[in-house]
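These protein sequence lines map, in sequence, to chains A and B.
Here the first sequence is numbered in this note's numbering, starting from 1 and rising by one per residue.
Here the second sequence is numbered in this note's numbering, starting from 1 and rising by one per residue.
Derived from the structure by calculation, the hints contain no laboratory data.
Just so it is clear, CB atoms sit at the ideal spot from N, CA and C, and this is done for glycine as well.
Do not rely on the hints blindly, as some may be mistaken.
[Stated by the list, open to error] If you want a taste of the chain A side facing chain B, the calculated C-beta under 7 Å gives, among others:
{"no.": "1", "residue": "TYR158"}
{"no.": "2", "residue": "GLY159"}
{"no.": "3", "residue": "VAL161"}
{"no.": "4", "residue": "ALA162"}
{"no.": "5", "residue": "GLY163"}
{"no.": "6", "residue": "ALA164"}
{"no.": "7", "residue": "THR166"}
{"no.": "8", "residue": "GLY188"}
{"no.": "9", "residue": "THR192"}
{"no.": "10", "residue": "GLY194"}
[Stated by the list, open to error] Selected chain B positions facing chain A (Cβ under 8 Å, derived; list incomplete):
{"no.": "11", "residue": "VAL240"}
{"no.": "12", "residue": "PRO241"}
{"no.": "13", "residue": "LEU243"}
{"no.": "14", "residue": "PRO294"}
{"no.": "15", "residue": "VAL340"}
{"no.": "16", "residue": "ALA341"}
{"no.": "17", "residue": "ALA344"}
{"no.": "18", "residue": "GLY346"}
{"no.": "19", "residue": "ARG349"}
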Amino acid sequence: MRGIPVIVALLATSGCGNEPGTKSNDAGTTRADTAVPGVAEPPFNVTVPELGRVHVKLAGPSVVDASDAWDLAFEGWDVYTNGGASGRGAGSAFGPHELFACAADAIDAPILRKDVTGGAFRDWYAYDSTSHALYSKHHVYGVRDGSRLWRVQILSYYGEVAGAPTSAVYRVRYADVTAGGAVVNVAGIDGTAGGPSAPSDSKSECLDLETGQKTRLTPAEARASSAWHLCFRRDAVSVNGELGGPRGVTAVDLDAALPTPSSDELARMTPESERARFDAVDAAKLRDPALVYRGDRIVSAFSDSWFQPTSPRSPKAACWVVVGSDGGSRYGVVFEQFSGATAASPGVVSMRVRRSIAPGG
Amino acid sequence: MTCALLPSRARADDLVVTGTRTPERSQKATVRTDVVTRVEAERRGATHVGEALSGQLGLQVNPAAYGFLGGPSAIQIYGFDLNRVLVLEDGERVIGDVGGAVDLSSLPLTDVSRIEVVPGPTSALYGASAIGGVVNVISAPPAAPGAFGRARIEGRTHRWLLFQGTAGYRASRVYAIADASISRRDGVKRTAELPDLLVPDTKRLLAGVRVGLALTPRVDVMARARLIRDYLSGVESTLVPGLGRYVTDLPQENQRIALQIVERIDLGARSSLRFSLGQQWALATGDRDRRGSPLDETRRRGVSLSSFETTLVRAFGDHMFVAGTRLESEHYAQTLSRVVATDASGTLRTEAANEVRPIDLGSAAAYAQLAFEPIETLKILAGFRGELHRRFGGVVAPRLAFSYRPSISWSMRAGVGRGFRAPTGKELGFTFDHSYYGYRVDGDSAIRPESSWGVNGDVSYKTPAEKLTLRAGAFYNWVRDLIDIAPTGERTTAGIDVYRYRNIGSARTAGAQVDATWPLRSWFRVELGYAHLWTRDDEGDRPLPSRPPHTLLSATRITLPAGVELYVRWRLVGDAYVADSVRSPAFQTLDVRVAKALWPAAEAYAGVLNAFDERPTPGQLGDQRPADGRIFYLGLRAELPAED
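Excised from the complex, chain B in its bound form:
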């Protein structure tokens, strides 16, 4: 009674690559890797990577936790926020803004095959930012020769329209794929009375091309180009004492261009050599247009990344050796121009200044990793990475992990590793000049990378017939030299207090998670899970803000007659510390989706997200409830022919 084209979820034995850079079956992988396939993401009602991961146990993805325009869908893994989680596309680092934040809502699911999440410090393999973990968004070449296409069209609450399409052709030695995605939606008002938008009006466009060519039977080349453009239209109003309310439009345009060329040489005997050349630009322009006034601001941001990476995978019997080098060059800049009144009579002047002075960062890295099996049931992995940065010198990150499978039912994993995060362009070169109000915030080129140690482990049990899978895991992380703005300023001779970014913090996170997957019948499947998170800001002796300590999750999938699938997902997120005497309230979400197979490669579907219509309270600091409220959706998706 199942629809053959639409596999239900990431199978437990899916191949994963992110944890070790070598293909492993996820159940046997030395490093825990969670997988969300595109199909599973769509079942969750997701339109982009942020939404796809938002219901994943152990992760928090919540725009409201950060609360600035555009609401980047910010991920937390193991209690570490978006600046401490590395986001990859096909293994290549995604650049974010000048502060390092990657907006996961800007990554559509159009060309995504699956998303792999490796929690825990992974800097031994991937370098900077992999303190909390790694998210790898992976595309895939066509599975079968010939022409193929895939499309999804959907309508949602908030006049939200979505189209995602992929078309391609695969011959014996070459394939070409074009991807496109268009979505637009109305914003969400903060309150009924005010013009302010909690979520801005949004348009997102993606166009991409992927080409693969087998130069010889052993040499493949893949090239990919991607253009993502976002248009956000926010509105905010300000009540000015003595004058009344003034409205400001906040249009913002973001653009990311990513180019990547990968050459892979098959050396035989499970060995390969891979070269990757990448170039990205992230450009953004944001305005503050005061209605009825020329006193406006324009902020322009430019970040670019050039990279070249070589990876050798060499198999010696049961030993698998991985070694590589990576060269990176990054550029950050942010300018602000604004029209200001220089006196009360309305004399205007245009000012321009660097908010982040142009900064070039360069690094060279080398890494090596050896996986071996001293006995058949035990696999040990040891690796390290050394990086040399122009700004702050060298960093070394080791990792040791093992997996033990005493029987086909039992599997145990444990690992210890170091993570680090390099200072961002903003932390190095920020200049936020509020001298008028007596203070300034400056970056500091002398700050050091943050560093962490983490241990984690899990045990899983699978009944012989694979009817039931149980897993329990725990982790503990220590991070020090956290970069933040020092609370005490330095007084200049002009009487201005200058606050700087410093290495001032240290923190710990710990947690445990239990989950079970239980296919009771071929047509009935249940997932249950609970995650606990404990965090501590060791400087302030308090929890890290906006980290819910308790999360409960259940998902049920029922395949009904006539090709109908019912999917119900419930999530309870506990209340969380935000600040002294402020907590984000607990909330629960219920998502329901019904899909009907129309023909073997298509389905119509309808659903509701956040059926209880949880919404943040206006003005409530750090409220993590869904900003969109309840969303109904109706859509159609089709594949011709079936890729899977």
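Only chain A is shown next, with the shape it has when bound in the complex:
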């Protein structure tokens, strides 16, 4: 807890008109208040192009080629680790963590996340390891297709088939907020994709929010089709934009900042009890400029959370725990400053990198 007084003091003296912990100047530079006692490593600058990737090896640190054993990659406003869906390494990351976590000799993290493919719906459920059941968190999502906006809520992962509960048979509700549309309830959306042992190219159902039409598509067909907004495949819900498909649909999780409910709270949630939070979302809320609408892409521990959604964007004052591509070395990373940021890139990212002595250091 030794860093808390320092951070509180810094927050108290930070510049006016900005997000707490953030400063900006007239030269297009935004900073985070990231001074942490014990983090004395010199800043390292990496220039992020508006198109393409730049790869960084944290031991050093240095900019390296994609063919080298890189640990972090920057592409626009996305940051990736060299593991999971992003690379062939064994990298992963955790964050945002308390700033002072980066000052410890043993930079620890409660969990480490590999990069995965997904979008706004990637955390729609909570898995209960006792009952092996998936509980909807009943988050409300905003879905944007051009000028049209929908609010969407996933109500259940289970449907009854042949007298038995069957997973990946979804029940959702949605409403077109731009047209003042009525709430539509849809049950029995088939995300089973052929059952547990079916081939990976089995078809599952995708939903067009505009027409209510359901279309059965393979993953490859879905990526080439504009006939849907949301596609349901086993426990994954994808959005027809960016890597998800060609329609340019984007989405945002309006409740992403909420803590995961406890098992008891999840068990008590019903479509009826969670109706109020669904109804509370209107067009104004969905048009909040701070919301980051994205299509499906590769997401990492950094996605949408390593910067403040202000204008201009600034680094979040946080410690990021990064496991290198070798799967063993561990680093604490603090982003200090963006220089020359645009809508497409943070420009020059100034960061401090500290190698953990243990564990795995």
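On the provided structure of chain A, position chain B as indicated by the hints.
For chain B alone, kept in the frame of chain A given last:
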């Protein structure tokens, strides 16, 4: 005032055979051997081997520690669990399930004469799985010529009915015995509100035949056939988010067939040659029948063991030499077939797959042991066993033990030995396919046997008139290459994390035990004991789960006038580590039994087990309190004529 037919307990000087494969008096035995006779087991209110051992100091037998349907009565010795304890029937290894677990509750006491427990690594004599110790369930031929019979009939709480019977005839050169056991009981509900059963409805049947023939004055042949069938009917329900509660019936049928032929040639001068040919099959079928739905599962399991063993016992003066060879062939397989819905419209498909791919294991073993007495008060035993396994090569297990009796009152024993456990069929060939959820658990044919070293010793003191016996002992074990599922999976190109069994663990167990037996009067006998157990998972730097560190035990037997016997047994089991921030609560059990001799060879009895009605808390992880709660029982047993 005692009932002559019903000997009270294992006498301290009973003959034991398991520790060295040669008959020794237990008090003088080089290797510590605890004995529970059938009569003592029945006095404890036991109906099967698991219950007979559950009150034994230094052992834990607790179905709730494992918590799957049928609740195998799983034994722990010296902190080692059921997979690391070897269970024998008349010296022949009992096969368990594909994971190696032997359900002691499936071994009725019908044809049991006594149960010998040898704690500590004993692989030098018995090979694989004897890391924690050996349990040998021993039957006996008729003691006297002529016809004889024995029966026990009993009723219990949970509409539990038990019949055990044995009938036989012994002539001068031949005997034949038939054994039968039938029991049925209702299950125990997990909670009053739900249909779920903590203990399933159970029916158990045993039929057995034992035949002995003296071919010549020096050559005996014994043959035994046993069929055990269990029918378990479990129920579980699941609350499905958004849908409600669904109920699934879990019928399971287990069948074990054991055949054994033993030929023993008396070579004279306390020497003998023994041939044993064994064949066992353990077959099981378990269903998951969803009520009101065709989406069901059936799991079929088959394990078989063929064995041939030759044992030579040769006496040279005070030297006793034991040597033997053993050949084993095992087969494991487990299949799963299930009906699944392939889409939300209810299109059904039947899938079948190997959960444990068919695996054949073979091994050849040779062992030798020499016991000698360099001085009259000192006996030294040295032995080793070498095994060659088709899957993973050779294993050698040595053992050294000694006993020292400086006087008739004092006795000291110490031993050091190696134990090992061969990978089971499940660990070698398991395929638990949850690719749908992004992971799979696979066996690995490259894993090595677990191995251990253990030291133990004890000192006992007996007053000259044998009024009081005191014993204190301690042990320490190191085990490495423990087989478990590796916590880190390997990612396949299809994005599936594959977790495999690996040699990843190491652990230590240590403990001490003191106990006293005190026959204060001819009609009043007291036993007291305390056992301490310390365990450490060296990989996780934490205790091994579900190992209670403290156990206290007392047993009092009072013989009253009119042939009435009162037996009171109290046991306190301390709380135990289960997981970080989870402990199994401490509990105590009080068992009381009153028996009345009706005629010299029969008694009526009544009793209560777990009088304090300790029960596990629903949903509490690793709760080791008795799942059955309090049990009252009433029974009658008789022997005609008295065997003893």
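Practice task
Would you settle whether the hint for ALA164(A) is holds or violated, based on the nearest Cβ-Cβ distance to chain B being less than 7 Å?
Solution key: With a minimum Cβ separation of about 4 Å from chain B (threshold 7 Å), the hint on ALA164(A) holds.
Handout entry: Interface hint status, GLY194(A) versus chain B (Cβ within 7 Å)
Key = holds (5 Å)
Exercise for the section: Verify the interface restraint on PRO241(B): the C-beta must sit less than 8 Å from at least one C-beta of chain A. Expected result: holds (5 Å)
Practice task
Hold the hint about GLY159(A) up to the distance rule: shortest CB distance to chain B must be less than 7 Å.
Solution key: holds (6 Å)
Handout entry: Agreement of hint GLY163(A) with chain B interface, Cβ distance less than 7 Å
Key = holds (3 Å)
Handout entry: Hinted contact ALA341(B) with chain A - closest CB pair below 8 Å
Key = Since the shortest Cβ distance to chain A is 4 Å, the answer is holds.
Handout entry: Hint status (Cβ of ALA344(B) to nearest Cβ of chain A, threshold 8 Å)
Key = holds (4 Å)
Practice task
Against chain B, run the beta carbon of THR192(A) and see if the smallest gap drops under 7 Å.
Solution key: Hint holds; THR192(A) Cβ to chain B Cβ min 6 Å, cut 7 Å.
Exercise for the section: Report holds or violated for the interface hint on PRO294(B), using the least CB-CB distance to chain A and a cut-off of 8 Å. Expected result: OK, holds: PRO294(B) within 8 Å of chain A, min 6 Å.
Handout entry: Residue hint THR166(A), partner chain B, criterion CB-CB below 7 Å
Key = holds (5 Å)
Handout entry: Interface hint compliance - LEU243(B) to chain A, C-beta minimum distance less than 8 Å
Key = Nearest chain A Cβ about 5 Å off; hint holds.
Problem - Restraint check, 8 Å cut-off on beta carbons, for ARG349(B) near chain A - result: holds (7 Å)
In summary, the structure agrees with every hint in the numbered list given earlier.
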